[in-house]
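So the protein sequences, as listed, match chains A and B. Read in order, the letters of the first sequence correspond to residues 113 to 228 in my numbering. Read in order, the letters of the second sequence correspond to residues 3 to 113 in my numbering.
No wet-lab data here; the hints were simulated from the structure. There may be inaccurate statements among the hints.
Unchecked claim - Straight line, CA to CA, 25 Å or less: simulated DSS-like cross-link-like pairs of lysine-lysine:
hint, chain 1, residue 1, chain 2, residue 2
1, B, LYS112, A, LYS195
2, A, LYS183, A, LYS127
3, B, LYS69, A, LYS123
4, B, LYS100, A, LYS174
5, B, LYS44, B, LYS112
6, B, LYS112, B, LYS69
7, B, LYS100, B, LYS44
8, A, LYS123, A, LYS174
9, B, LYS4, A, LYS174
10, A, LYS190, B, LYS58
11, A, LYS183, B, LYS44
12, B, LYS112, A, LYS156
13, A, LYS195, A, LYS174
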Amino acid sequence: EAGVAQSPRYKIIEKRQSVAFWCNPISGHATLYWYQQILGQGPKLLIQFQNNGVVDDSQLPKDRFSAERLKGVDSTLKIQPAKLEDSAVYLCASSLVMAGGRNEQFFGPGTRLTVL
Amino acid sequence: QKEVEQNSGPLSVPEGAIASLNCTYSDRGSQSFFWYRQYSGKSPELIMFIYSNGDKEDGRFTAQLNKASQYVSLLIRDSQPSDSATYLCAVRSSNTGKLIFGQGTTLQVKP
Numbered sequence: 113e114a115g116v117a118q119s120p121r122y123k124i125i126e127k128r129q130s131v132a133f134w135c136n137p138i139s140g141h142a143t144l145y146w147y148q149q150i151l152g153q154g155p156k157l158l159i160q161f162q163n164n165g166v167v168d169d170s171q172l173p174k175d176r177f178s179a180e181r182l183k184g185v186d187s188t189l190k191i192q193p194a195k196l197e198d199s200a201v202y203l204c205a206s207s208l209v210m211a212g213g214r215n216e217q218f219f220g221p222g223t224r225l226t227v228l
Numbered sequence: 003q004k005e006v007e008q009n010s011g012p013l014s015v016p017e018g019a020i021a022s023l024n025c026t027y028s029d030r031g032s033q034s035f036f037w038y039r040q041y042s043g044k045s046p047e048l049i050m051f052i053y054s055n056g057d058k059e060d061g062r063f064t065a066q067l068n069k070a071s072q073y074v075s076l077l078i079r080d081s082q083p084s085d086s087a088t089y090l091c092a093v094r095s096s097n098t099g100k101l102i103f104g105q106g107t108t109l110q111v112k113p
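Kindly generate the complete structure, drawing on both the sequences and the hints.
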C-alpha cells in the first residue's frame, strides 16, 4: 500500500512570495490533515478535511493560508504572502475515518519550507 | 498551561537501559492517547495507542496511563541506538476530536 505523498520536499522562497504544497493521501482515506511543525515543536493542526469538506480550520491563518481538497482526494495548501515565521515543515496526514478512538493518522514525508 | 506538556530533553540513556518518557495533559475529558516516534528529518510514526488506565505493552515498549493524574508515559526497555529519536505525545481533544501534540522529548541512546 502506497503511503501519503507530498511535494515538493523542500522549498526556499523570499518573504512576501507565494508557495503551494501538494498532498496525495492513502487511497480510500476519507480524512486529510495539514499540520505545521516548527523546529523543536510538535505538529499543529492547520486544517482537517472529511472528503472534500472542511471539518476544522480554526488554527489556519486565513488571511494568508488557504487549502482545498478537490474531489475528496488530493489537496493543496497555499501561503500567500509568506512571512518569515512560516518557516516550518508542513506535514500532510490521512486516516480512514474521522471518528475518535485509535483512528491512526499516517503522515507523509513533509515539505520543509524556508522563508528568507 | 500547555495542553500537552513534555520535557524536551535531551534524555540520554546507555544502551540496554530503560528509557522513561513522560507527558502530562490538561483536558480531563480526553480518552485517547498516542505516542509517535519521529526520527530526525522524518515524519511522525505511531508506535503506541492507549485508552485505558494502566499499562499496555508492545514488544520493548510499554505505555502507562493514569487519567486521574492526567499523566501518560512511555517506557522503552533494552534501549538501542536505533531508538534515538524524538518521541511525541499526542492527546485527542474531548471537545474537537483533533490530536494535540506535545513538543516532543529527544531521546539519545549511547552505545
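Here is how each hint holds up against the structure:
Only pairs whose Cα atoms come within 25 Å are accepted, and LYS112 of chain B paired with LYS195 of chain A is rejected, the gap being roughly 39 Å. At roughly 31 Å between alpha-carbon atoms, LYS183 of chain A and LYS127 of chain A are farther apart than 25 Å, so this suggested pair is violated. Taking the CA atoms of LYS69 of chain B and LYS123 of chain A, the gap is near 42 Å; set against the 25 Å cutoff, the hint is violated. Straight-line distance between C-alpha atoms of LYS100 of chain B and LYS174 of chain A comes to about 19 Å, which keeps the hinted pair within the 25 Å bound.
As the CA atoms of LYS44 of chain B and LYS112 of chain B are separated by approximately 21 Å, the hinted pair is consistent with the 25 Å bound. Proposed proximity of LYS112 of chain B and LYS69 of chain B is contradicted: the alpha carbons are some 33 Å apart, above 25 Å. Between LYS100 of chain B and LYS44 of chain B the alpha-carbon distance is near 22 Å, which keeps this suggested pair within the 25 Å criterion. Between LYS123 of chain A and LYS174 of chain A the alpha-carbon distance is near 21 Å, which keeps this suggested pair within the 25 Å criterion.
The straight-line distance between the Cα atoms of LYS4 of chain B and LYS174 of chain A is roughly 24 Å, inside the 25 Å bound, and the hint therefore holds. For the given pair, LYS190 of chain A sits about 40 Å from LYS58 of chain B by alpha-carbon distance, which is inconsistent with the 25 Å threshold. As the CA atoms of LYS183 of chain A and LYS44 of chain B are separated by approximately 29 Å, the hinted pair breaks the 25 Å bound. Of the supplied pair hints, the one linking LYS112 of chain B and LYS156 of chain A is violated, its CA atoms being roughly 30 Å apart against a limit of 25 Å.
Simply put, LYS195 of chain A and LYS174 of chain A have alpha-carbon atoms about 13 Å apart, close enough for the 25 Å limit, and the pair holds.
Of the hints listed earlier, those the structure fails to meet are numbers 1, 2, 3, 6, 10, 11 and 12, in rising order.
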